[in-house]
Amino acid sequence: MRTRKMLLSALAIVIALVWVFPVYWMVNSSFLSNAVLQSFIPTFFPFPGTVSNFTAVADPSFFSALGMSVAITLTAVFFCIIFAFLAAVAISRFRFRGRKSFVIAVLVVQMLPAEGLFIAQYKMVSSVGLLDSVIGVSVIYVAAVVPFTIWMLRGFVAGVPADLEEAAMVDGLSRFGAFMRITFPLLAPGLVASGVYAFLQAWNEFTVALVLLPSEAAHTLPLWLRGFVQASATRETDWGQVMAASTLVAVPVIIFFLIVQGRLTSGLVSGAVKG
Amino acid sequence: MSTIAPRRRRANLTPRLLLIPAIAVLLLGMGYPVVWQIVTSTQEYGLAQQFGQPAPFVGLDNYLTLATNGGLWAVVARSLVFCIVTAFVTLAIGTLLALLMTAITKGARLVLQVALLLAWSMPVVAAMTVWIWLFDNRRGVINYLLDLIPGVEMNRYDWLATPLTFFIVASVIVIWMSVPFVAFSVYAGLTQVSDEVMEAAQLDGANGWQRFWGIILPMIRPVISIVLLLQLIWDLRVFTQITMLKDAGSKSGDYDLLGTYIYKLGTSAQDFGMASAVSILVLALTIALSWFYIRGLLKEDEA
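Protein chains in written order, with the numbering used here: chain A, 120 to 394; chain B, 230 to 532.
If we strip away everything but chain A, and leave its shape as in the complex, we get (with noise of 0.2 Å):
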């Protein structure tokens, strides 16, 4: 039993050097100059290393990138959690006619995907004149979070016993005010981890920014990586610059999954095994 034990263990780490593989690949690379990379042996370690990659790739466009990730995922983020929120709490603290169709429109919408509405997304944001535009791309991105989002924090109002709440309505407290004390910081951990999600979701969204921002002024990281991959058809790629940029745009995201990692998963796993 023992040996049985170490044996998968054993494969256990095979398994996941093969898997963690890419990632250290893209940061290894990231670090080794044009002229080890044009080598037909690859280099397994970063030795001699340079940041000359991350020096070249962080020019004007990956600033102008950045600023329009951050404004765009801010204003996603930040609405798409206060509807959500108040969506869960009216779908798991009350019962209304109406109410089991809103929750079955809700996980129709949230299967929706892109690839099946860019067309008429495009159409109706430039109409308005809002192709190019934060605002644009945030719309659509918060209606495409929000069904999960609502779904993930319904599973977290839910789980607050509604007991506790009227407990408290017993001893006094109104039912906002048992609500506000008593089930909202309990909340806090669904809300941060369905913040993460929405964060995540549009930080790397890549269909409907694609189609939403036509200019490279307007681009976001997402988009500016893919012009590495675009450039490369017509010239010699530099893989050293293409890893450093993805690198700069994999780094804060990984690490930021992986601070909260645990909460987002038990929230993803509660949302899909929960129900």
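Capping the alpha-carbon separation at 20 Å, the derived lysine to aspartate or glutamate pairs in EDC-like fashion look like this:
id: 1; chain 1: B; residue 1: 480; chain 2: B; residue 2: 387
id: 2; chain 1: B; residue 1: 480; chain 2: A; residue 2: 355
id: 3; chain 1: A; residue 1: 242; chain 2: B; residue 2: 273
Because the hints were derived from the structure by calculation, they are not lab data.
Fit chain B to the known structure of chain A by using the hints.
Only chain B this time, still in chain A's reference frame:
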């Protein structure tokens, strides 16, 4: 009696007020586009209409054109095969990794979980650039490593040059990205299977295989079915991955899946009528797939 009635009426108004912002943004961002697409899919909406000419109603002509268009069916078939194969392989690997996590030491489990989390957290665009670099035909590590195997001649093998290998690459990337979610979800499900049940089964003489099919699988079936459906739905929408692989490889239509096909109809061909008709097809397909998932969630919601 008299104190309950007014409270109930107020309780009926409050939830509706709370729903207004969410409903408004959903109608604007999703509802209107869907309706516009349904309308436009019954119109001739091409380049002339882009410049302001009225769009004539053509009924189901767009759909008929599509139905008799071999190109569309090829794209639909490709998308479905890609989606089903990728989703099932992802589920199988994810479940195996989840089972593995229950059978290893704490330290090894932590290492595996951190590796999976790193892969999971990679932004899709960054992941695509790395994978394109890994599969690079001249200096990619994958060809280099495969070439080291005696008898395998992979030097300068161009993975993106034929549709089959192109989609294998796409599938590998999507599986790499999706397995962590499956593994963590299934693992969470597995930790709910109580030790006592497992011990009882072991005492009854059930072997590992029997325990999996007879006890573990039935208990984690809800998780498995939800995760599988989500994978199927997500793997239908692989626009970013295919777009970027096409950036690096061929631009030919043989490499299109539904998402990139619609994009092409909308942008290069400027045919919004046809693009809308295909979009409606994608939406219908998604909703059909989602229906079981949604029904399951609702059932649990009522319980």
